[in-house]
Amino acid sequence: MQDAAVQIDDVTHTFLAPGATQPLTVLTNVSLTVEARTFVSIVGPSGCGKTTLLRIIDGLIEPSGGEVRIDGQVVRGTARGRAMVFQDADLLPWRTALDNVVFGQEVQGVPKKERLERAQAIIARVGLRGFEHHYPFQLSGGMRQRVGLARALSTGPRLLLMDEPFGALDAQTREDMQGELLRLWEQDKVTVVFITHGVDEAILLSDYVVVLSQRPGTVREVLKIDLARPRADEEDLRGDPRFAEYRRQINQLLRSARETMRPTEIGINGSARIDGRAL
Numbered sequence: 005m006q007d008a009a010v011q012i013d014d015v016t017h018t019f020l021a022p023g024a025t026q027p028l029t030v031l032t033n034v035s036l037t038v039e040a041r042t043f044v045s046i047v048g049p050s051g052c053g054k055t056t057l058l059r060i061i062d063g064l065i066e067p068s069g070g071e072v073r074i075d076g077q078v079v080r081g082t083a084r085g086r087a088m089v090f091q092d093a094d095l096l097p098w099r100t101a102l103d104n105v106v107f108g109q110e111v112q113g114v115p116k117k118e119r120l121e122r123a124q125a126i127i128a129r130v131g132l133r134g135f136e137h138h139y140p141f142q143l144s145g146g147m148r149q150r151v152g153l154a155r156a157l158s159t160g161p162r163l164l165l166m167d168e169p170f171g172a173l174d175a176q177t178r179e180d181m182q183g184e185l186l187r188l189w190e191q192d193k194v195t196v197v198f199i200t201h202g203v204d205e206a207i208l209l210s211d212y213v214v215v216l217s218q219r220p221g222t223v224r225e226v227l228k229i230d231l232a233r234p235r236a237d238e239e240d241l242r243g244d245p246r247f248a249e250y251r252r253q254i255n256q257l258l259r260s261a262r263e264t265m266r267p268t269e270i271g272i273n274g275s276a277r278i279d280g281r282a283l
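In terms of our numbering, the numbers along the sequence shown are unbroken and rise by one, the last being 283.
Rather than coming from a laboratory, the hints here were simulated on the basis of the structure.
With a Cα cut of at most 30 Å, we get these calculated DSS-like pairs of lysine-lysine: (1) K193 <-> K228; (2) K116 <-> K193; (3) K117 <-> K193.
Label pairs and their calculated CB-CB ranges: (4) E179 <-> Q256: 22 to 28 Å; (5) A125 <-> G243: 33 to 39 Å; (6) A232 <-> A175: 22 to 28 Å; (7) G76 <-> H138: 39 to 45 Å; (8) L241 <-> Q191: 15 to 21 Å; (9) Q256 <-> Q142: 40 to 46 Å.
The C-beta atom is built at its ideal place from N, Cα and C for all residues, glycine as well.
Given the sequences, and given the hints that come with them, work out the whole structure.
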């Protein structure tokens, strides 16, 4: 068995919102193992803590309880080897596409020649050749997301964390970006943890889909998506009876996730494991 890329052990997170008098628990007893080089999507009701969990994995937030280990090391803040792609591309408006892509490498201290060569190669891979010197306001929403993806990939991450990166795009652009992401993942096979509200998107992209409960979020179920790769043709996949069955199961789980659960309903401390074994 491969070493785990991400090990989440009994993670709980509570915070006090501005103006609130009582703390709010957004995650409780989340335990999950993500194996190296797998593509894992997380779905769940709005407000169940998906983004919080992703930020905890990245080290942007310290959990109130439990811990996250990446390649066996406890996460203590951000570090090389992992990169985040946010809901909004969050580009620096005064920088060109190329200058935005090299930004992460600048922070890492990569020499100028090396970071420019790497950025140019990534820009070509995500289909932005010819737009290197355009500013964000000159790019479409899909192109800005490509710049954000290129910026993350240019740092050479082993773990790519993606927080609903295609949620604000129109349907056609979203499909294009899904195909682009799949193509890049097939080439690099980095570990991906992907947040989405789209059930079809989760099935299309993933090896496993994790369903969280309502807030406070905990692992409701993990489904292995047993569809052949590469998955270039979404229409063919949608015609596969297994695709429809996965959609039915996930939608049913999301409906039931709105009900209060006891931890014993999903195993000890709400744990689940992504390693191909029966759950």
